[in-house]
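**Student:** With the hints as your guide, set chain S onto chain L.
For reference, the chains in residue letters:
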Amino acid sequence: MAEPYIFENEEIIVPGGYTKVKFKPSGTFAVDTSTILLVGTSEGGIPFDADEVTEDERFGVFTEPNKARDVLRKGDLLDAVLIAFSPVSDPNLSGARKVVCIRSNPAERSTLVLKSDSGVSEVMDVFSADYGKHTKNTAIQIDNPSGTESFITVFKDGREVASDNLYNPIFTINYSGSESAANITFNSDSGIFKIANGVITIFETDINDFPTVGALVEAIETNSDFTVIALNSGFKTKLMDDITVGDAINCKTATITIKGIYEYQLRFLNQICEFTTAKQKGLLKRKLDSLAKTFLAGGTHSTPTTENWTDAIALGDKVEAFYQVELSGDMDVAQLNKAAVKFSNKTKIRRERMGGSGAGDYSGADTYDVRRANSKALNSFLYIYGASPIQRYNSDGEFTVFEPKFLPVFAFGINSGNGPATAATFKALDAIGNPEVYSSDDVDAFIRSGCMIVTPNPRTGVPRILRSVTTYQGPELIPSEMSMVSTALAMAKNFRIIMEENFVGKNITIGDQGVIELKAREILDSYVSSGYLTGSDVQAAYQITQFNFAGDKLSIVMDLTETSVLNFIFTLMNVSTI
Amino acid sequence: MFGEEKTEKTEKEVKEKKPSPPNKKIRIDEFVLPQLPKYAREVLKAHLKKVVGSKGTEEEYKNAFDNFMKREIK
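Protein sequences, first through last, are from chains L and S.
Per our numbering, the very first residue in the first sequence carries number 1; after that it's consecutive.
Per our numbering, the very first residue in the second sequence carries number 1001; after that it's consecutive.
Simulated from the structure, these hints should not be mistaken for laboratory data.
Quantities reported herein were computed from a predicted structural model and do not represent experimental measurements.
Check before you lean on any hint, since a few could be wrong.
To be verified - Keeping only pairs whose Cα atoms sit at most 30 Å apart, straight-line, the calculated DSS-like set for lysine-lysine is:
1. L:Lys342 <-> S:Lys1049
2. S:Lys1038 <-> L:Lys348
3. S:Lys1070 <-> L:Lys133
Just chain L, with the same shape it has in the complex (with noise of 0.2 Å):
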């Protein structure tokens, strides 16, 4: 089936060529303040707990929503992953432009035993390249139809991957010498090749001397009575097939190849194929039995408990992400989340971020008013929460909606494309509506508590976050606002970083500091230019009140004055007649 292609937002099925124009974001940072980390359950990818892998790999990490869409194949992760790329249906406003991904559901490989001689050895285990139920649909089938031919098949989710004739000649030899018998024999976990006739030894090495076949034929060929003809002089002489007594593999009756399929069995289902993975099972190196299409079995995937949730959140300590978004929908993950996120903004751990999470069974347990304290309890600036369920299509294109939960996306969304001065207030957004009506009083009591939500626009109908508000609790503006957090948050670290990269470990003379200080103010420049801070004859963009340098030490004092978002036209028409 013809699958379609996500251009901008729009799935593209037709051939042809498209187009889209934008305007620029209004500001970026030299460094990486827009990147979304994502923690929460889906069908696809690399589990967090998967021992199998680095913790490193234990996180997906997209440019674009097709890539994604192969990877998490559905579920909460995918479809927050297509809000994040595209949360705005204002054409001239951008998604993410990266998202990562944890899947905090624990999940499973399939896998499968391979054999050889007959069934006689266990020789490789096969594991699906993916986690999880889904991964019972891979299927393997070898073909051996001769001497010299070999073919592995792949099966999974309708596709094939087949591979080329694995046949895999590496060396000729034949004795002509005087002995009666000259039986081959190779271990290769010992390492020993050696060529008899019973007791009497022709030949014998450990070929860890020889590591290369060009380098063992060579020694060979210092007996005259060997005729050795290299096929494949580059191989590594420990992968060659094991070659055992009862093979019986006597090179004075008849010239014999030595191969190494079994190599290149391993190659093709450990690194070719994108649906498995392999190693060897045992110490043989035998090429596998022929094989019917048989299907890798014992894929699962499990609900997440508080513990998995818990090992998933802490496993975004090692990615680089600006917003950090769970999505259980569960108030004790929230608050788990939110500490996390506060952890993260430690000043000694250097990893400005902010948190997200939203309500999740709007329908049921999850009142305005649970809603409403959830908000309070989080009770962050470093935080949002999402109240409104949202409707819109998922990843398999059916009308869905979506908890509260996903909410937050969609904000960090308009704010990593955009840049993070842009407030998520009022924006259009990429979906159908909100299913609930709120009265006058609902939504001043929701967004007292610091609760974002989805109203229509009365004039277009389309819905869009009313007011970007964080879960701060207090009365000021700026920790109120979460595009004005984010700003002052990617402030800091590109500050710090640009700062840091350019100066720390350097020796600094007199004349360097009035340098560092220009610099300083460079940067700083650079925020009112881009329009993240402003200044008026009262009260200066920013000010520099201390820059003070001591032994191996700089301290830095300024007073920022940021860009505000407006939130309110008041306007007041005194009317009268004549």
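**Tutor:** The following block gives chain S in isolation, referenced to the frame of chain L:
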């Protein structure tokens, strides 16, 4: 698998911790959590305080902790 600021103190606490008599009430601060990031431990202690109270037996805290961590969240 866990975050950066976490285990040293906990491991020390675990080593030094003597088992409390089953019915003896302890303060929540004395209940030793397994290896977790420090920020997670604070959240979990707050949960245990809500469920058990600021004083409870070790078993009460342990049961509340196990129930909490094994709770499935879709």
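**Student:** Need the status of pair Lys1038 of chain S, Lys348 of chain L: alpha-carbon distance at most 30 Å?
**Tutor:** Within the cut-off at roughly 14 Å; holds.
**Student:** With a cut-off of 30 Å on the C-alpha distance, tell me whether Lys1070 of chain S and Lys133 of chain L pass.
**Tutor:** Roughly 22 Å between the alpha carbons, so the hint for Lys1070 of chain S and Lys133 of chain L holds.
**Student:** Within 30 Å, alpha carbon to alpha carbon, are Lys342 of chain L and Lys1049 of chain S?
**Tutor:** Within the cut-off at roughly 21 Å; holds.
When each numbered hint is compared with the structure, no violation occurs for any of them.
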